[in-house]
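Q: Below, each chain spelled out in residue letters.
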Amino acid sequence: MTNGHIREEDLELYALGALPEEEKAAVKAHAPGCSECARKLAEAQGRVAMLVFAVPQEQPAAAAKERLFARIAAETRIEESGERVADERRVVSGEIRRAIPWWSWALAPASLALAAACLLLFWQNRQLGSQLNVARQAAARMEKEKEHIEGLARVLASPDTVTVKLAGTSDAANAAGYVKYNARSGTVLYSTEHLPTLPNEKVYQMWLVPTTGAPISAGIFRPEDSTGQLLTAQVPTETKSKAFAVTIEPTGGVLQPTGPKVLLGAS
Amino acid sequence: MRPEGNADAMNDWSLLERIQQKDEAALSALYDRYSGLVYSAAKRILRDTGAAEEILQDLFFQVWRTAERFDPTRGSLAGWLLVAARNRAISKLRRKSGKTEELQENGVAVTVSLESISTQNLLLEKVHAVMGSLPDGQREAMEFAYFEGMSHSEIAEKTGQPLGTIKTRIRSGMETLKRVLS
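Taken in order, these protein sequences are the chains called A and Y. At position 178 of the first sequence the residue is numbered 178 (our numbering), and the sequence of numbers has no breaks. At position 181 of the second sequence the residue is numbered 1181 (our numbering), and the sequence of numbers has no breaks.
Read the hints as simulated data drawn from the structure, not as lab findings. Please note: incorrect hints may appear among the correct ones.
[To be verified] Below 35 Å or equal to it, Euclidean Cα-Cα: the simulated DSBU-like pairs (lysine-lysine) are:
#1 A:K40 / Y:K1092
#2 Y:K1126 / A:K40
#3 A:K180 / A:K242
#4 Y:K1178 / A:K202
#5 A:K261 / Y:K1158
#6 Y:K1092 / A:K202
#7 A:K28 / Y:K1158
#8 A:K202 / A:K261
#9 A:K240 / Y:K1178
#10 A:K202 / A:K165
#11 A:K261 / Y:K1092
#12 A:K242 / Y:K1126
#13 A:K202 / A:K240
#14 Y:K1126 / A:K180
#15 Y:K1126 / A:K24
#16 Y:K1092 / A:K240
#17 Y:K1126 / Y:K1092
#18 Y:K1126 / A:K202
#19 A:K242 / Y:K1178
#20 A:K261 / Y:K1126
#21 Y:K1178 / A:K24
#22 Y:K1022 / A:K202
#23 Y:K1126 / A:K146
#24 Y:K1022 / A:K165
#25 Y:K1158 / Y:K1126
#26 A:K28 / A:K146
#27 A:K146 / Y:K1158
#28 Y:K1092 / Y:K1178
#29 A:K240 / Y:K1126
#30 A:K146 / A:K165
[Stated by the list, open to error] The following label-pair restraints were derived from C-beta to C-beta distances:
#31 A:R126 / Y:R1065: 33 to 43 Å
#32 Y:R1065 / A:S158: 38 to 48 Å
#33 A:P32 / Y:T1176: 26 to 36 Å
[What the hints assert, rightly or not] A few chain A residues facing chain Y, derived, Cβ under 8 Å:
#34 L13
#35 A18
#36 R47
#37 F53
#38 A62
#39 A64
#40 L68
Built from N, CA and C at the ideal position, the CB exists for glycine as well.
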């Protein structure tokens, strides 16, 4: 601490999770009650959050989103069912019975029938609403997928798109592949063949080697993902490429190439 | 009733208001905007597709359930998602207790809006360039802290470098990041 505040470098380390437990505890105890330290900590957290942009970017499978919305739909159904049970319990509670005049019991069968019909209609309405939502979600997903495919088709057809042939190095002499690269949109499309199989803890990683600066990751893949299929990746737009290369890296990929090159092609 | 307006074009806080009203289209738009970043961070740390997807689903489900607890004055929603994804992945990695972040815990101040793909691309370019330009020792120390959740003393032990050197390397790396992002 200096002048009653936590040093900025310790706040940076805290945000990064690199402080040991006892020093973490000191930050946790002080920052919430000190507006200056809380502000600096929030800024440090924000900078650390940006490190996510150093990670090779991947999209989750479309099924992941479907599972999220299925979980939400299931929870909604459980909540609605709970509310109905609670309502029914309130209706038959003693307090409500005492408030009702004795002669109204003559109307009870009709009222119950009406209530049951209302509940049924309500339930059917909710079911239809839920089904409609699922259908809307599916339609939106298909529309997005269609747009994505159309976008890729536009990239392939664009005169700006260059094709780079990839040849196997001595580590994978029979391997080959190609890259279609559109710098304007930052789109990289590629396919490979005859890459050797890899152990589980390894993956292939595609790199764009720019004319200036460090290589940029264009995605990780297993050999079976890329054979006969077109993989896509997004890199920063307007990046001038010097070459494309594929290296063998640990599962999850790396920020900069570390493993042996297996495919290489100059732009 | 479903509120009017194109969810894809809305800012994060407008989407959150609609999520509070249980508008699934708004959650879908927020998911499309940030799921790639959240998933990529979790997968890089855990190196496991299923575990990364579990964190992704839990985070967006938490947004859906407790959207009203987010306070725009306390920081950025995107920042919270990214910090929470990383913290949860590290907790899972290190098999710590099941403690999770409360939505109103530490604010995360992100000075740029991450809502557009073009900004995300720009940041991708900048942060890649920064990390690529760091000396190996600095980058390694930052990666051990960010991706493995190691404290500076654990990094010192793993790399065989003095504790002071590790602190200096991390501080220099963070300074460089701060300069570039500002």
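Q: Has the given pair, K1092 (chain Y) with K1178 (chain Y), been kept, meaning a C-alpha gap of at most 35 Å?
A: holds, 28 Å
Q: Keeping to a limit of 35 Å between CA atoms, is the pair of K1126 (chain Y) and K180 (chain A) held or broken?
A: holds, 24 Å
Q: Next pair to validate is K1092 (chain Y) with K202 (chain A); report whether the Cα-Cα distance is within 35 Å.
A: Holds, at roughly 21 Å.
Q: Check whether the Cα positions of K1126 (chain Y) and K146 (chain A) lie no farther apart than 35 Å.
A: Satisfied, since the Cα-Cα distance of roughly 31 Å is no more than 35 Å.
Q: Verify the proposed pairing of K242 (chain A) with K1126 (chain Y), using a straight-line Cα cut of 35 Å.
A: Answer holds: K242 (chain A) to K1126 (chain Y) is near 19 Å, not above 35 Å.
Q: Tell me if the straight-line CA distance from K202 (chain A) to K240 (chain A) falls inside 35 Å.
A: With a Cα-Cα distance of about 29 Å, the restraint between K202 (chain A) and K240 (chain A) holds, given a limit of 35 Å.
Q: Please work out if K202 (chain A) and K165 (chain A) have their alpha carbons no farther apart than 35 Å.
A: holds, 24 Å
Q: Need the status of pair K240 (chain A), K1178 (chain Y): alpha-carbon distance at most 35 Å?
A: holds, 26 Å
Q: Are the Cα atoms of K1022 (chain Y) and K165 (chain A) separated by 35 Å or less?
A: Distance of about 49 Å is beyond 35 Å: violated.
Q: Does the interface hint hold: is A62 (chain A) within less than 8 Å of chain Y, judged Cβ to Cβ?
A: This hint is violated: A62 (chain A) lies away from chain Y, its Cβ roughly 10 Å from the closest one there, beyond 8 Å.
Q: Hinted pair, alpha-carbon criterion (35 Å max): K261 (chain A), K1158 (chain Y). Please report holds or violated.
A: holds, 28 Å
Q: Using 8 Å as the Cβ threshold, decide whether A18 (chain A) counts as touching chain Y.
A: holds, 4 Å
In this structure, the earlier hints numbered 16, 22, 24, 26, 27, 31, 38 are contradicted, and the remaining ones agree with it.
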